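**Student:** Put chain B on the given structure of chain A with help from the hints.
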Amino acid sequence: MKLKVFKQESLEQLKRDASKQIDLYQRTTPWLNEYFRGGAYYCETQINLPDNLSLLTEGEPSDTDKENSKRIYEAFRGRINPVQAAEERLWTYLCHETFWDYMIWRWPPKKEGTIISRYFFDGESSRALSRNGISRLWWFAHLTYDESRNDPYELTNILLYSQDIQHNLLERNFGRNRTILHTVLDFLRVHPEIKGKEQYVKIVKTLNRLGGVRLLDALGPERIKEYIESKILNR
Amino acid sequence: MKTTERFPYPVLSAFSDDIENSTFESTVIYQTDKKDYRFTYTITLHNSTIIQLLKEHRAVLALHFECGRTFFREKYKIEDITWSDCITISGTIVIPWSRICGKTEISAFIYADDVIENYHPEGLHPDYQQTTFTMRPGEILATSGPVILDVYSDYEPIQKPDSIIVFKLDKERETGEIHINLNSDKIEVSLPKNMFDKYEALRTDKQKEGIITSLLGIPVLMEGLRFIKETVDENLSENRRYRWFRSLEKKLLEMGINIKNEENTFEAAQRVFENPYMRAADDFEKMDRL
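From first to last, the protein sequence lines are chains A and B.
Just so it is clear: in the first sequence, position 19 is 19 by the working numbering, and no numbers are missing.
Just so we're on the same page, the working numbering is the position in the second sequence counted from 1, plus 1000.
These aren't lab readings, by the way, just hints derived from the structure by calculation.
Predicted model, so just to flag it, every value in this text is computed and none were measured.
C-beta atoms are modelled at their ideal positions from N, C-alpha and C, and glycine is treated no differently.
Do not rely on the hints blindly, as some may be mistaken.
Straight-line C-alpha distance at most 20 Å; calculated DMTMM-like pairs for lysine to aspartate or glutamate [stated by the list, open to error]:
| hint | chain 1 | residue 1 | chain 2 | residue 2 |
| --- | --- | --- | --- | --- |
| 1 | B | Lys1103 | A | Glu87 |
| 2 | A | Lys225 | B | Asp1113 |
| 3 | A | Lys15 | B | Asp1113 |
| 4 | A | Lys4 | A | Glu112 |
According to the in silico footprint, chain A covers these stretches of chain B (three or more CB under 8 Å from chain A) [claimed, not checked]:
| hint | stretch |
| --- | --- |
| 5 | 1021-1032 |
| 6 | 1059-1073 |
| 7 | 1097-1109 |
| 8 | 1135-1148 |
| 9 | 1210-1221 |
Pairwise CB distance ranges, derived in the manner of DEER restraints [as the list claims (entries may be wrong)]:
| hint | chain 1 | residue 1 | chain 2 | residue 2 | range |
| --- | --- | --- | --- | --- | --- |
| 10 | B | Lys1229 | A | Arg79 | 37 to 43 Å |
| 11 | A | Asp51 | B | Ile1257 | 29 to 35 Å |
| 12 | A | Lys20 | B | Gly1256 | 40 to 46 Å |
| 13 | A | Pro152 | B | Leu1215 | 55 to 61 Å |
Isolated chain A (complex conformation) (with noise of 0.2 Å):
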C-alpha cells in the first residue's frame, strides 16, 4: 500500500476541531472520510509500505512496544529518513486511518490532553515523537537499533523494558546522542538487577550531574559507562 500523509491545511483543522470532536475519537473504525465529507484531505506518497502490515493489539498494552516497534520499523526501514519522520503530517494519519484500531486499543482517546499528545505533536520538539502513537515505534528503534550486534534491536528491548526507561531516557536531552544512549542501555543490559523507577531516575540524574560540568558528547562509551558503574553500583 502507498504511504499517505495528511494536507497541511486538513492536519490544522483536524487539529484544531480535536477538542471538540471528542465523540468521533470513541468510534471503533476510522471517520476521516465523513469528518471532511469526501474533500482531498491527504496525499499519496511514492513510499509503498507491505500490505498486510499490522500492529498487535492483544495482551497488557505497554508489552507489545516491543514487537511493534519492531514492525514499524522494518515496515519503514529505508524508506523515510529522520526529517520525514519528524512529520508530523505522517504519523498522524496513520494514527487516524490506517492504525486506528491499535491506536484505540493502547492509547484510549478519552481525554483531549491524550488526543493532542498520542494522536498529533503536542508541540515541536522531540519530546512530541516520542509520545505520538505510531511515531515513538518508529523512534524507539531508528534511536536504539545497532546493526553491529546479533539481535539488532537488543537495545530497543532493554529501552522498553519499562515505559520508565524510555521516558526518563528519550525525554532528556543527552537522550539525543547516540553514544550516551547506547552505552545506558547496554549498562542496563548487563546490569539486569538494576531496575525500577528510582533506579533509572538516579541514572539520569547521575548523567544529568556529570553533564552540568562536562561535556558529555566529549567521553567515550568507555568514560561514560565507567562513571555511571562508579556511582549506580558504588565501584
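**Tutor:** Coordinates of chain B only, in the frame set by chain A:
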C-alpha cells in the same frame, strides 16, 4: 546546547570573567545545496595556554550541533588549525538535509581530552591568585554560543501571491466574512460559498488578476506582515515552521525591509507585491478599452 554558567573551574566564555584579556567567539551561518546544509563557521581564540593545549592535542576544539526536532546531537572535531598567538579558524561542516530540520543549536567548545594537571590559564582572574586546577577529560576550557539557526531546505521564492496564499471554500458557511488562518504552510483565506464562486470566476480571468491581488491579496499579506512584525524572538522558531512565514521573511530580507521598523504594513505589502495598485489601475484601463 545550553551549559551551566557556574562551573567549579575557570571557563573562557562571554558569560564569565574567569579568564581576562582573552577571547573565544564563534559565528555560524548556513546555506543549502541540493542535498546538504553547509554550515560555515568562524572561530576566534585568543589565549596562549589554551592554544598550547590544543597544539599538544590535550584539548579538543569542537562544534556541537543539536536539533531538538530530529533527536540529532553530534559534535564535530575541528582539527585543521593554523597556529599563531591569536587563531581564527574558518571552515564548513556538511550535514545532510535528511538529518536536521528547524531549530538547531550550535555551540563551540574547547574541552580537555586528557587529564590536565596544574591548569592555570593565561589571564586567570586575580581572585584565583595562584590556584591551579586539575582538568579531567570532557571538562570545558572554553565555550561560545549557542548560535540558534532555523534550518529548512525548502525555501520557496515568492513569485506571486498564490505562492504563499491559498483561497479556499468554507463549506460551513453560505455567506459572511472572509476568514484568515496564519497557522499553516500557506496563509489560508476561507471564503463563504457565495463569495467563493464569484472569486473563482474572477480569478481565472487573466485580465482581472491585478485587481484581485489588490482587493484580496494586499489585506491578507498585511495580516501576514503584522504577524511577523509581532512575533517575539522566543516564538520565531515556532512560527518559522510555516512555509509562508519563511518565504516572506526571506523576501523582506532580500528587499532590505526590516518589518519591525516599519510604521505600517500597508506600504510594505505594496512593495512585496510590487506596486499592485498600479497594476490594478492598468487592468481597469484595459477593460475600459474593450
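**Student:** Indicate, hint by hint, whether the structure satisfies it.
**Tutor:** Taking the hints in turn, this is what the structure says about them:
{"no.": "1", "hint": "B:Lys1103 / A:Glu87", "result": "holds, 14 Å"}
{"no.": "2", "hint": "A:Lys225 / B:Asp1113", "result": "holds, 17 Å"}
{"no.": "3", "hint": "A:Lys15 / B:Asp1113", "result": "violated, 48 Å"}
{"no.": "4", "hint": "A:Lys4 / A:Glu112", "result": "violated, 25 Å"}
{"no.": "5", "hint": "1021-1032", "result": "violated (count 0)"}
{"no.": "6", "hint": "1059-1073", "result": "holds (count 10)"}
{"no.": "7", "hint": "1097-1109", "result": "holds (count 8)"}
{"no.": "8", "hint": "1135-1148", "result": "holds (count 5)"}
{"no.": "9", "hint": "1210-1221", "result": "violated (count 0)"}
{"no.": "10", "hint": "B:Lys1229 / A:Arg79: 37 to 43 Å", "result": "holds, 41 Å"}
{"no.": "11", "hint": "A:Asp51 / B:Ile1257: 29 to 35 Å", "result": "violated, 52 Å"}
{"no.": "12", "hint": "A:Lys20 / B:Gly1256: 40 to 46 Å", "result": "holds, 44 Å"}
{"no.": "13", "hint": "A:Pro152 / B:Leu1215: 55 to 61 Å", "result": "holds, 60 Å"}
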